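Construct the entire structure; sequences and hints are all you get.
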Amino acid sequence: MTTVIVSGATGFIAQHVVKLLLSKNYQVIGTVRSQSKGEGLLKLFNNPTNLKFEIVEDVGSEGAFDNVLKSHPEATIFLHLASPFHFNATDIEKELLLPAVNGTKNVLEAIYKYGINIEKVVITSSYAAIATASKEANNKEIITEESWNEITWDQALINPVQGYRGSKTFAEKSAWDFIKNHQDTIKFKISFINPSFVFGPQAFPIIDNNKNLNTSSEIINKLLKLNPNSEIPPTKGGWIDVRDVAKAHVLAFEKDSTENKRLLVNSGRFSAISLIRLIHKTISSIKSSFNFR
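To convert, count from 1 in the sequence shown and add 2; that's my numbering.
Keep in mind that the hints were calculated from the coordinates and are not lab data.
The reader is advised that the hints may include incorrect statements.
[To be verified] Quick list of simulated restraints, FRET-style, between CB atoms:
{"#": "1", "residue 1": "E64", "residue 2": "R271", "range": "37 to 43 Å"}
{"#": "2", "residue 1": "I160", "residue 2": "N231", "range": "29 to 35 Å"}
{"#": "3", "residue 1": "E256", "residue 2": "K224", "range": "33 to 39 Å"}
{"#": "4", "residue 1": "K96", "residue 2": "N231", "range": "34 to 40 Å"}
{"#": "5", "residue 1": "K238", "residue 2": "S259", "range": "30 to 36 Å"}
{"#": "6", "residue 1": "H184", "residue 2": "N229", "range": "54 to 60 Å"}
{"#": "7", "residue 1": "P50", "residue 2": "D246", "range": "20 to 26 Å"}
{"#": "8", "residue 1": "N229", "residue 2": "M3", "range": "51 to 57 Å"}
{"#": "9", "residue 1": "D258", "residue 2": "K224", "range": "39 to 45 Å"}
No experiment lies behind these values; they were computed from the predicted model shown.
Idealized CB from N, CA, C, for every residue including glycine.
This is the structure:
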């Protein structure tokens, strides 16, 4: 049975990845931040024999993943999904930039040193590492997997949204730099998944009503809280279903054609108004909440 390590296994996308891996009979080792989170993860999946967890309290700490790789020499695949994604940071460098960059470096260093059987690595990046708002506004701009967000470190410190975009850009670039600097001795192939806004169902029902949804899903949740007099936010962008993102992670290591490539995954475009129209059309229980045509 092929063993796959999944970092940040309790995350929104990661839970769907784990669910898909288990359905395909992979042995899964999920990294979590605490014992309680690990036990909670096992409980969600009804304690399957092919799911275990390892604790990584801080992905940004030096050597954070060393023991995970040392403890699981049987692993041949590593999926790195652990990275901060929220717009509430008060210290952008400490909460977003450094954890993303150092976490990615720590994963690759651990694999390079101790992942003796790792053959494929898949890193969750983002469309935010590919495009910028100004490029999207330019109808003549063609955005592909070759495109890069040209954000600087100082620009990323301006606000949390820019901080997130910078965190994904710098983290992915650090991975490409690592591959380049070790190209003569590296033994594994790497792929990057660059999704746009990730929407879709939670892998499991949320029991804690006080718990926030993942950042992308909160966009929809906030629209549900608008009243007829609310100003519609200017939010817009590309979107992709979380289940398709999970499939992309698995296909990225199952298919040789994805090696050393970025995979931009996107299903279409949305705006706040298009989401409101969809909500109004499909959810009958809240139609009366909107004076909307």
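Tested hints:
| no. | hint | result |
| --- | --- | --- |
| 1 | E64 <-> R271: 37 to 43 Å | 41 Å, holds |
| 2 | I160 <-> N231: 29 to 35 Å | 31 Å, holds |
| 3 | E256 <-> K224: 33 to 39 Å | 36 Å, holds |
| 4 | K96 <-> N231: 34 to 40 Å | 38 Å, holds |
| 5 | K238 <-> S259: 30 to 36 Å | 32 Å, holds |
| 6 | H184 <-> N229: 54 to 60 Å | 55 Å, holds |
| 7 | P50 <-> D246: 20 to 26 Å | 23 Å, holds |
| 8 | N229 <-> M3: 51 to 57 Å | 53 Å, holds |
| 9 | D258 <-> K224: 39 to 45 Å | 42 Å, holds |
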